[in-house]
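Visitor: Sequence:
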Amino acid sequence: MTHQIPILVTGGAGYIGSHACKALKEAGYLPIAYDNLENGHKHAVKWGPFEYGDILDSAALYKVIEKYSPKAILHFAAYISVGESVSSPEKYYRNNSAGGFNVIEAATKYGIDNFIFSSTAAVYGVQEQHPITEDSSTNPINPYGHSKLIVEQMLRDLSAEGKLKYVALRYFNAAGADISCEIGCEHVKPHNLVPILMNVQSGRQDKLQIFGTDYDTEDGTPIRDYAHVSDIARAHVLALDYLLKGGASVALNLGIGKGYSIKQVIDIVESISGKQVPAEVAPRRAGDPPILIADPSMAKQILGWEAEFTNLEDIIKTAWNWQFARTFA
5 MTHQIPILVT
15 GGAGYIGSHA
25 CKALKEAGYL
35 PIAYDNLENG
45 HKHAVKWGPF
55 EYGDILDSAA
65 LYKVIEKYSP
75 KAILHFAAYI
85 SVGESVSSPE
95 KYYRNNSAGG
105 FNVIEAATKY
115 GIDNFIFSST
125 AAVYGVQEQH
135 PITEDSSTNP
145 INPYGHSKLI
155 VEQMLRDLSA
165 EGKLKYVALR
175 YFNAAGADIS
185 CEIGCEHVKP
195 HNLVPILMNV
205 QSGRQDKLQI
215 FGTDYDTEDG
225 TPIRDYAHVS
235 DIARAHVLAL
245 DYLLKGGASV
255 ALNLGIGKGY
265 SIKQVIDIVE
275 SISGKQVPAE
285 VAPRRAGDPP
295 ILIADPSMAK
305 QILGWEAEFT
315 NLEDIIKTAW
325 NWQFARTFA
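With this note's numbering, the residue at position 237 of the sequence shown is 241, and numbering never jumps.
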């Protein structure tokens, strides 16, 4: 087993990044969290050093790389709101795409040839066939998905020239929290459904807005696949091991292979929390596909990854336990 190999984790103080840092530490690596704390929290950095910095600041990135000489980069730092990306696309292309280029350029400048990218199911857009495989077409319908796909394309091009190897992990909605309640989703204004519901049920937010009930689904609300954040974090460690052992560049789906509608998620949250979710129906949000369900079989084949949390109720229970602990502790 590797011991204390330094790994740079951009966005390491954020929701998924902090869980990845914990998983890295447990696997014997030394995670260096690089974060500007816009959405991250310094107290979530518990398993390695913290370095303050922005991915748009190349000089700061270079300084941290020179200090620690990381053997790989796990790149999480990004804006993630589909709705905001539609109204402020320039914000997403500047941070996610240009910032992503800065991190990739830093990797090539310092000979860091193992790169793991936090991508998204939003790269697929609207698909006729579900579940979605990695061979499905990539045709994003929102700037968020485009901004991530641009980074994937950059990685493909550099990989083809032998300048680095990468694994792009396309998540189908991260949810849940660390089972020991050490860390969880602390976004003040979360953009994803489960964290929003946790805020609503704990009194941090007044109500849930359901953006559209007229989709071509059984109950009219969009259907999504979910993966527990710790399962996603573990996939990053497996991807790192895979690259360090000489694995080839690849893009992989992460999900449980089952879809839940917004109304089904609300029902689960009401059952777990013991109270009704205050909600109102709002117009559809631009850029939302009706269905996104993963086929995660390639991640199993290549990385040996399978979700340990395969039931959404179990995933949400960990989020509720975390929310309860931070609200009432």
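Just so you know, these hints were derived from the structure itself, not from any lab.
Nothing here was measured: the structure is a model prediction, and the numbers come from that model.
The reader is advised that the hints may include incorrect statements.
Below, in silico cross-link-like pairs of lysine-lysine (DSSO-like), each with a Cα-Cα straight-line distance of 27 Å or less [unchecked claim]: (1) 262 - 167; (2) 279 - 26; (3) 75 - 46; (4) 304 - 262; (5) 67 - 95; (6) 29 - 95.
Quick list of simulated restraints, FRET-style, between CB atoms [what the hints assert, rightly or not]: (7) 314 - 217: 51 to 57 Å; (8) 283 - 308: 49 to 55 Å; (9) 220 - 283: 18 to 24 Å; (10) 137 - 92: 30 to 36 Å; (11) 42 - 304: 30 to 36 Å; (12) 166 - 278: 52 to 58 Å; (13) 210 - 287: 27 to 33 Å; (14) 217 - 32: 33 to 39 Å; (15) 305 - 143: 39 to 45 Å; (16) 141 - 92: 49 to 55 Å.
Beta carbons are placed, not taken as given, at the ideal position from N, Cα and C, and that holds for glycine.
Visitor: Take the hints in turn and mark each one as holding or not.
Guide: Status of each hint after checking the structure:
Between the alpha carbons of residue 262 and residue 167 the distance comes to roughly 36 Å, so the proposed pair goes past 27 Å and is violated. Restraint check: the Cα-Cα separation between residue 279 and residue 26 comes to about 33 Å, which exceeds 27 Å; the hinted pair is violated. Distance check on the hinted pair: residue 75 and residue 46 sit about 23 Å apart at the alpha-carbon level, within 27 Å; holds. Restraint check for residue 304 and residue 262: satisfied, since their Cα atoms lie roughly 16 Å apart, inside the 27 Å limit.
Pair hint residue 67 plus residue 95 holds up; C-alpha atoms about 25 Å apart against a cutoff of 27 Å. At most 27 Å may separate the alpha-carbon atoms for a hinted pair to count; residue 29 and residue 95 exceed this at roughly 32 Å. Distance hint check for residue 314 and residue 217: the Cβ-Cβ separation is about 28 Å, which falls outside the suggested range of 51 to 57 Å. Taking 49 to 55 Å as the suggested C-beta distance range, the pair residue 283 and residue 308 does not conform, at roughly 40 Å.
Against the hinted window of 18 to 24 Å, the Cβ-Cβ separation of residue 220 and residue 283 comes to about 21 Å, which satisfies the hint. In this structure, residue 137 and residue 92 meet the distance hint of 30 to 36 Å, their C-beta atoms being roughly 32 Å apart. Separation of residue 42 from residue 304 is about 35 Å and conforms to the stated range, judged on CB atoms against 30 to 36 Å. For residue 166 and residue 278, the hinted distance range of 52 to 58 Å is satisfied, since their beta carbons lie about 56 Å from each other.
Hint check: residue 210 to residue 287, Cβ distance near 19 Å, so the stated range 27 to 33 Å is violated. At about 48 Å, the CB distance of residue 217 to residue 32 disagrees with the hint of 33 to 39 Å. A C-beta distance of roughly 25 Å is found between residue 305 and residue 143, which places it outside the suggested range of 39 to 45 Å. Judged by the Cβ atoms, the range 49 to 55 Å given for residue 141 and residue 92 is violated: they are separated by roughly 26 Å.
Consistency with the previously given hints fails for numbers 1, 2, 6, 7, 8, 13, 14, 15, 16, ordered from lowest to highest.
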